[in-house]
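Please put together the full structure from these sequences, using the hints given.
So the sequences go chain by chain: B and V. Mapping of the first sequence onto our numbering: position 58 corresponds to residue 58, and the numbering continues sequentially without gaps. Mapping of the second sequence onto our numbering: position 73 corresponds to residue 73, and the numbering continues sequentially without gaps.
Simulated from the structure, these hints should not be mistaken for lab results. The model shown is predicted, which means the values in this text are computed figures rather than measured ones. Hints may contain errors.
As the list claims (entries may be wrong) - Derived coverage of chain V by chain B (criterion: at least 3 residues anywhere in the stretch with Cβ under 8 Å from a Cβ of chain B; other residues may be distant):
| no. | segment |
| --- | --- |
| 1 | 14 to 28 |
| 2 | 77 to 83 |
| 3 | 103 to 116 |
Unchecked claim - Here are a few chain V residues that face chain B, going by a calculated C-beta distance under 8 Å:
| no. | residue |
| --- | --- |
| 4 | T31 |
| 5 | Y33 |
| 6 | D56 |
For each residue, glycine too, the CB sits at the ideal point set by N, CA and C.
Next come the chains, spelled out residue by residue.
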Amino acid sequence: AQTVTQSQPEMSVQEAETVTLSCTYDTSESDYYLFWYKQPPSRQMILVIRQEAYKQQNATENRFSVNFQKAAKSFSLKISDSQLGDAAMYFCAYRSAISNFGNEKLTFGTGTRLTIIP
Amino acid sequence: EAGVAQSPRYKIIEKRQSVAFWCNPISGHATLYWYQQILGQGPKLLIQFQNNGVVDDSQLPKDRFSAERLKGVDSTLKIQPAKLEDSAVYLCASSLGTSGRGYNEQFFGPGTRLTVL
Chain B
1 AQTVTQSQPE
11 MSVQEAETVT
21 LSCTYDTSES
31 DYYLFWYKQP
41 PSRQMILVIR
51 QEAYKQQNAT
61 ENRFSVNFQK
71 AAKSFSLKIS
81 DSQLGDAAMY
91 FCAYRSAISN
101 FGNEKLTFGT
111 GTRLTIIP
Chain V
1 EAGVAQSPRY
11 KIIEKRQSVA
21 FWCNPISGHA
31 TLYWYQQILG
41 QGPKLLIQFQ
51 NNGVVDDSQL
61 PKDRFSAERL
71 KGVDSTLKIQ
81 PAKLEDSAVY
91 LCASSLGTSG
101 RGYNEQFFGP
111 GTRLTVL
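Structure follows, in structure tokens:
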């Protein structure tokens, strides 16, 4: 079974600064996806960024980028130029790449609460 | 495009009562998921439907939880009788759903916050 670990329950950053959220995972599979989701107080899970394990290039979406270290099973999220709207819970998640109508479930970590200091 | 709809947004019940949650996925999405998110934890899959068939319910407490997806569109999740430990947010998600190697994003609804007293 796959597991996802987020060891930082809370993080804070000054507005406009950069912050990095950590995530490690464990799997015996070689082909999978990793995700970062944002969950604001409204509770709706919003996909921030996705990484495919077979791609060596780190994914980037505007101010969000990841550092994917496959051998170390590490997947961190960097938020540049932090904005007040970035304040939320951030969840790291794992999913197998091969869909067999039964293994597309997302396995989530316990989350990191990010606070933006004005 | 309308998103995943869920109702109610909040529900408070006493233990041993029953409760039902409703989810309407994005139009055309074959796969529907129910996740349970206990406070301080990440969401955990309870059940996954492919059209109107169950493909994964390994983590569903079947003695008290049931779910159905009649006609392969909207779905209901029921708890009967509820326990204190069922207090959580129940998230519904949907995706296009295909087999083989490919990625279909899961879109989440706003969730239902259940409090069991």
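We went through each hint and held it up to the structure:
1. 14 to 28: violated (count 0)
2. 77 to 83: violated (count 0)
3. 103 to 116: It holds: at least three residues are needed, and the segment 103 to 116 of chain V offers 9 whose Cβ sits within less than 8 Å of chain B.
4. T31: Status holds, d = 7 Å.
5. Y33: holds, 7 Å
6. D56: holds, 5 Å
Violation of the numbered hints given earlier is confined to hints 1 and 2; the remaining hints are satisfied by the structure.
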